[in-house]
Amino acid sequence: MPIIADHLTFVYGAKTPLQTTAVDDISVKIEDGQFIGLIGHTGSGKTTFLQLLSGLIKPSSGTVYINGEDIYAKDFDLHSIRGKVGIVFQYPEHQLFEETVFKDVCFGPKNMGFDQKETELRAYEALKLVGLEDEVFYQSPFDLSGGQKRRVAIAGVLSMKPQVLILDEPTAGLDPAGRKEILGLIEKLCRENKMTIILVSHSMDDVAEYVDRILVINNGKLAIDATPKEVFKHREELEEFGLSLPQVTKAMISIKESGIPVKTDAITVDEAIEEIMRVLY
Amino acid sequence: MKIIKAEEVTFEYIRRDEDGNVEGINRAVDKVSLDVKEGDFICVLGSNGSGKSTFAKHLNSILLPTEGTVWIDGMDSKDEDKLLQIRQTAGMVFQNPDNQIIGQVVDEDVAFGPENMGVPTEQIKERVEESLKTVGMYEFRKKSPNHLSGGQKQRVSIAGVLAMHPKCIVLDEPTAMLDPVGRKEVIRALRALNEVEGITIILITHYMEETVYADRIFVMNKGKIVMDGSPREIFKRVEELEEYKLEVPKITLLAHELRKRGLRIPDCVLTVKELTDALKKC
Chain A
1 MPIIADHLTF VYGAKTPLQT TAVDDISVKI EDGQFIGLIG HTGSGKTTFL QLLSGLIKPS
61 SGTVYINGED IYAKDFDLHS IRGKVGIVFQ YPEHQLFEET VFKDVCFGPK NMGFDQKETE
121 LRAYEALKLV GLEDEVFYQS PFDLSGGQKR RVAIAGVLSM KPQVLILDEP TAGLDPAGRK
181 EILGLIEKLC RENKMTIILV SHSMDDVAEY VDRILVINNG KLAIDATPKE VFKHREELEE
241 FGLSLPQVTK AMISIKESGI PVKTDAITVD EAIEEIMRVL Y
Chain B
1 MKIIKAEEVT FEYIRRDEDG NVEGINRAVD KVSLDVKEGD FICVLGSNGS GKSTFAKHLN
61 SILLPTEGTV WIDGMDSKDE DKLLQIRQTA GMVFQNPDNQ IIGQVVDEDV AFGPENMGVP
121 TEQIKERVEE SLKTVGMYEF RKKSPNHLSG GQKQRVSIAG VLAMHPKCIV LDEPTAMLDP
181 VGRKEVIRAL RALNEVEGIT IILITHYMEE TVYADRIFVM NKGKIVMDGS PREIFKRVEE
241 LEEYKLEVPK ITLLAHELRK RGLRIPDCVL TVKELTDALK KC
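Heads up: the protein sequence lines correspond to chains A and B, in order.
With the numbering used here, letter number 210 in the first sequence gets 210, and the count goes up by one each step, no holes.
With the numbering used here, letter number 207 in the second sequence gets 207, and the count goes up by one each step, no holes.
Worth flagging that the hints you see were computed from the coordinates, not collected in a lab.
Glycine residues also receive a C-beta, built at the ideal position from the N, C-alpha and C atoms.
You may find that some hints are simply not true.
Below, simulated DSS-like cross-link-like pairs (lysine-lysine); rule was C-alpha separation at most 25 angstroms, straight line [unchecked claim]:
id, chain 1, residue 1, chain 2, residue 2
1, A, K233, B, K273
2, B, K280, A, K263
3, B, K281, A, K180
4, A, K229, B, K184
5, A, K74, B, K280
6, A, K180, B, K222
7, A, K188, B, K250
8, B, K281, A, K263
9, B, K280, A, K256
10, A, K180, B, K184
11, B, K222, A, K250
12, B, K250, A, K263
13, A, K180, B, K280
To spell it out: a stretch of chain B is covered by chain A in this simulated footprint if at least three of its residues, at any positions, have a beta carbon under 8 angstroms from a beta carbon of chain A; those stretches are [to be verified]:
id, segment
14, 178–184
15, 248–258
Isolated chain A (complex conformation) (with noise of 0.2 angstroms):
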């Protein structure tokens, strides 16, 4: 189920002193299986795009193709869009709002029209996707740990069994393990349950080690669509816009700078001690 960008423009306040273009004619195919990472500064226009990527708001210009379908053509059923591209918003437990953790999950698929055997198979499978043990189900979400409340609401968005599934900083505020646990779980939904991800990330380092291709947002332009490896090549680009280097990549810089002849592409810990060992040894 593909979906591609067609050069989509998106203008906040348009005609008044305040127009700002957003998102500049941004044009991309994300192909079934994919894990994307989208990076850009504060204001880059990340969550407007993946607003216009998602259905949740018309662009100015051009369009959005999902399996074929123009999302925004007259005759096109927007709401069915919910099932196939499912998108969890930054701090997602501000969504939470049920008595009960179950029934949070319920909500989803229960506002898609399924019947109650299937709005409860789906939402126990969500929470088992996410790894929370059953004593969890029945408790109130506001008693859980910020780790979990940031679970359950990827199981409500589970539930509904997207296809694509758009992540804004889903690590926003966690801890280590927490920030562990959340990538692990996305990366399985990926590579095991093959879906699509799309994940915004401010930290170059979970960006390095877990996506397959980055795209680079800056002033609401696509600046950079490739593999980790080679984005991070681009380091003095990458300033201009505001971003930054995975820390071993820095390193690797420094210790090539010191005299060391090490080669400087290496984006994780694993590479980086494989290159100085190779060097060093």
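Place chain B on chain A using the hints.
Below, chain B alone, put in the same frame as chain A:
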């Protein structure tokens, strides 16, 4: 001089049902004792649910201990008469800048604290100017906070606390919602406040890289303090940190792994420079 002293502090969250009957008790902070020397840069690390935010809220009387005592600059946090003075001595900055900025214009927001303290008008203007300059936001003084980036908003929040001339600033994950540039700006501002103005900084964070310049790190787990030492002492204990669901900075991990593979690298490397210097000698 100990600016913060905590003695056997315990805090319990009590869950009640609709009729007000006690349903459950969660001991979030469990007999924590520590002290903070004035002028230090302290970091508190801990996994989600470890009690660090709950403990932080005791440091300016947002929460009062269920048991035990907290003294802020010698004042007991439970002393109602001293509440305003405590809050002026220890200011707090939270994670979400949108939750703590209330002014329509940056300089009005920063003036809020001193206004409420009854500071004379001419002095307020001075304090606002001084605080904004300290965090590098003076040129934005007439802007609406809505037009600022996350990092800029957090710096305005810090300025708002600074304008009250606190001896100590407690920050609960102030960079969690920021991009890399915003994070760097905030940490740089905090280090300057500490090194130049001598303000005690207590930083709660999940980003290990932010803690390497601290004087001391406390690690909390399940409401207790489980590790206490300098960054070098703490980050040596890689496997123990992993048990507490934390990690070491990536550079430290890289050095640790290279050392395991036989390269002659010192025990605990915290920065890229230290790693580079060590590798040059290999």
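Consistency of the hints with the structure:
For the hint linking K233/A to K273/B, the alpha-carbon distance of about 21 angstroms falls within 25 angstroms, and the restraint holds. Between the alpha carbons of K280/B and K263/A the distance comes to roughly 16 angstroms, so the proposed pair stays at or under 25 angstroms and holds. Proximity of K281/B to K180/A is assessed by CA-CA distance (about 34 angstroms); at most 25 angstroms being required, the pair is judged violated. With a C-alpha separation of about 24 angstroms, the suggested pairing of K229/A with K184/B holds against the 25 angstroms cut-off.
Among the hinted pairs, K74/A with K280/B is inconsistent with the structure: their alpha-carbon atoms are about 65 angstroms apart, more than 25 angstroms. Annotation: proposed proximity of K180/A to K222/B holds, straight-line Cα distance about 20 angstroms (limit 25 angstroms). For the hint pairing K188/A with K250/B, the CA-to-CA distance comes to about 24 angstroms; that is within 25 angstroms, so the pair holds. The hinted pair formed by K281/B and K263/A meets the criterion: a straight-line CA distance of about 19 angstroms does not exceed 25 angstroms.
Of the supplied pair hints, the one linking K280/B and K256/A holds, its CA atoms being roughly 10 angstroms apart against a limit of 25 angstroms. For the hint pairing K180/A with K184/B, the CA-to-CA distance comes to about 23 angstroms; that is within 25 angstroms, so the pair holds. Simply put, K222/B and K250/A have alpha-carbon atoms about 35 angstroms apart, too far for the 25 angstroms limit, and the pair is violated. With a C-alpha separation of about 18 angstroms, the suggested pair K250/B and K263/A falls inside the 25 angstroms cut-off, and the hint holds.
Under the criterion of a C-alpha separation no larger than 25 angstroms, the hint pairing K180/A with K280/B is inconsistent with the structure, at around 33 angstroms. Taking a C-beta to C-beta cut-off of 8 angstroms, the segment 178–184 of chain B contributes 5 residues in contact with chain A, enough for the three needed, and the coverage statement holds. Residues of the segment 248–258 of chain B lying with their CB closer than 8 angstroms to a CB of chain A number 7, which satisfies the three-residue condition for coverage.
The structure fails hints 3, 5, 11 and 13 (numbered hints given earlier, in ascending order).
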